[in-house]
Amino acid sequence: MNVEINDLTRSFGRKRAVAGVDLDLGPGVFGLLGPNGAGKTSLLRVLATVLPPSSGRLRLLGLDPGAHGPRREIRRRLGYLPQNLGYYPGFTVCEFVEYIALLKDMPPRTVPRAVAAAVEEVGLGDRARSKLRSLSGGMLRRVGIAQAIVNEPELLLLDEPTAGLDPEQRVQFRTLMRRLGERATVVVSTHLVEDVGAACGRVGLMLDGRVVFTGTPDELSARGEAGGIGDAPLERGYSAVLAESRP
Amino acid sequence: MTSVLRLEARRNITPLLLPVMALLLWFSPYGRSLGDLALWARRSSALQESLLGIAPFMAGVAAWTASRDGRGQTLDLLATTPRGSWRRGLYGWAATTLWGLLFYALAAALLFGLTAREATWGGPSWWAVAVGAVTIVTFSAAGHALGVLFPGRFVAPLTAVGSFLAIVVGAVVKTQNNPYGLVTPVGTSIDPDRAMFYKTGPAEDIVQLLFLTGVTAVAIGVLALPAAAGGRWVRRTGTALTAAGIATAMAALWLAGGAKVNVNEGRIFIPHLQSTPADQEISYTPVCDRSPIPACVHPAYRRTLGQVAAALRPVTVQLAGLPGAPQRIDLRLNGPSTPVGGAPPVLYLEPPLDAADAGEPIRGGDAQQLRSFLVTDVVTAPGSEPTAAQQAVMLGVLAVAGDPMDTAVLPTRGEPDASVTAAARRFAAAPAAERRQWLGAHLGALRAGRLTLKDLP
Chain A
1 MNVEINDLTR
11 SFGRKRAVAG
21 VDLDLGPGVF
31 GLLGPNGAGK
41 TSLLRVLATV
51 LPPSSGRLRL
61 LGLDPGAHGP
71 RREIRRRLGY
81 LPQNLGYYPG
91 FTVCEFVEYI
101 ALLKDMPPRT
111 VPRAVAAAVE
121 EVGLGDRARS
131 KLRSLSGGML
141 RRVGIAQAIV
151 NEPELLLLDE
161 PTAGLDPEQR
171 VQFRTLMRRL
181 GERATVVVST
191 HLVEDVGAAC
201 GRVGLMLDGR
211 VVFTGTPDEL
221 SARGEAGGIG
231 DAPLERGYSA
241 VLAESRP
Chain B
1 MTSVLRLEAR
11 RNITPLLLPV
21 MALLLWFSPY
31 GRSLGDLALW
41 ARRSSALQES
51 LLGIAPFMAG
61 VAAWTASRDG
71 RGQTLDLLAT
81 TPRGSWRRGL
91 YGWAATTLWG
101 LLFYALAAAL
111 LFGLTAREAT
121 WGGPSWWAVA
131 VGAVTIVTFS
141 AAGHALGVLF
151 PGRFVAPLTA
161 VGSFLAIVVG
171 AVVKTQNNPY
181 GLVTPVGTSI
191 DPDRAMFYKT
201 GPAEDIVQLL
211 FLTGVTAVAI
221 GVLALPAAAG
231 GRWVRRTGTA
241 LTAAGIATAM
251 AALWLAGGAK
261 VNVNEGRIFI
271 PHLQSTPADQ
281 EISYTPVCDR
291 SPIPACVHPA
301 YRRTLGQVAA
311 ALRPVTVQLA
321 GLPGAPQRID
331 LRLNGPSTPV
341 GGAPPVLYLE
351 PPLDAADAGE
361 PIRGGDAQQL
371 RSFLVTDVVT
381 APGSEPTAAQ
391 QAVMLGVLAV
401 AGDPMDTAVL
411 PTRGEPDASV
421 TAAARRFAAA
431 PAAERRQWLG
441 AHLGALRAGR
451 LTLKDLP
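If you read the protein sequences in the order shown, they are chains A and B. Mapping the first sequence onto the numbering used here, position 68 (from 1) lands on 68, and the numbers just tick up by one. Mapping the second sequence onto the numbering used here, position 107 (from 1) lands on 107, and the numbers just tick up by one.
Everything labelled a hint here was simulated from the structure, so no lab data went into it. All values reported here derive from a predicted model rather than from experimental measurement. There is no bait here: all hints are sound.
Covered stretches of chain A, going by a simulated chain B footprint (3 or more residues, C-beta under 8 angstroms):
#1 48-54
#2 95-106
Output of the computed footprint for chain A on chain B, the stretches with three or more beta carbons under 8 angstroms from beta carbons of chain A:
#3 3-11
#4 64-75
#5 80-94
Ideal Cβ placement from N, Cα and C applies to all residues, glycine included.
Make the full structure from the sequences, and use the hints.
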């Protein structure tokens, strides 16, 4: 298992953003759904080692992220796209991806080829030398994806990766996710259930810091047959599970 | 590591700001010194003084670079890389500092290159260059620390202004002869002109280097102390750097605190670094012209020799060869108080250095003052109030030299009697051969104060 979570919590003051999550994830694409404030981003930040858990057990790639040495090793093998991607406006696309690659301790001689491949993968090959300040929101999102995959991560965490992408790019991105999921664990947090249906082998649904459903997209769709709200089976399953889980 | 540094250096903001830094340099003592007489000590000092503008600017630039992750919301993303925030920040700081140092090195090379073509004696003060370079590093480190600790868009201008005020306050403290002001790298306490004649030693530079190094170590070290900065090794390094930096800065303050400073005289004495307060005189071979009484100057002032000799010639032609007249006039800073002495007799005069330094011709008031010093020292005995006869001869000789009959140039306490100016006019009106013959016969008695106005021709 690349991700092992047992009774994990993360609190901010009195608020428990993540409240006792149990999850085991191996290779494949795992979609994390949930309404605003459900705790998806907090859980992803914990998995990305940005935040330490308040309690519970967490192992990533078979290592304990609580210890400095293993945490560094995890970070070398991790890719992360935060919800709000900060960037340096004066850097070019290639420079920014190269910068992150170098900070991920990739051997410098392998970096240029890896950067070119990552930039090409997200369809920005023709804008590789453009300054980031000149790119549209969708292009910046693709730069964010490029930096996340540049080190061919074994654990890839993507927070709202398709936000700002046009339909054609979203289709391409789903293909990319499926391909990455063949050898790595990809966790995608999203509001868009169609992304989950198209790309994810498993799906989890969060509400109030808890994971209230895990299963395949088909299993989630089946939960909505009894009467959920929405146009698509997945949407109906999503709303049905939420309605059942709310006190 | 070098790959990240290269990337940081390529995208650093400092190169874009180099024109602004060049402007700051031009309007600093650096730019003004280019119009002055090329003296190595003065040019080295000007390079160091230019830090008043450049160092705070570098602090602001470093603060801007360091605060970019806070401003640009890249903290989350970068936190997931194996390199801790301290090591990541060092790349940006190093790039900014390297650009600053490159600019400073180019400025020093240009200034010293021009000076090497014009200067006639000595060489650059590498201690001043070292202090300047370390000052760039220190202010950059301080700016970096503030940028990391207070990331925001206002941190850069506030850091620049705060750094400028800090350096100005330090310089002001120094001008008040407060020894702790010595740690400030600008407002040098050593008079550059004095450095031509006396070995001043690097004591002040050493104190400044120690203090600046200490501040740099603290600024960089404290950033490694938080847990998020990195692992145990990083925190240990931070603790060691901070402790060593505090100790070094305190040692510098301790050394400075024991110093005796007299900025007006351009003297400092740091007992823990110098064995004796008396500066050691620099031995040099003066350069002289071929006037009737040769005028000699320090070789650094060789370019002013023609002007000095021209200023003195109207008087030296009258006095040359007379018994008691000097056989050489040596212009040197703080010369011996005995005007004419030694064998052969030499007259030591204080050079009008301000005019010479500014690269302006020695003429008008400066030339007249030089001539009056010469006449006074030849005609009067040292330390005595001039008699009426001595005053009349002095005024007469100066009048023949073309100076106005201005009694203000006389070294007297009160206004001379009208009979003195009348006798002076009479003396000046006498034929040159008669005056010279009279001076040859009576200069000794006149100098001894034994003659009255009636004895004059």
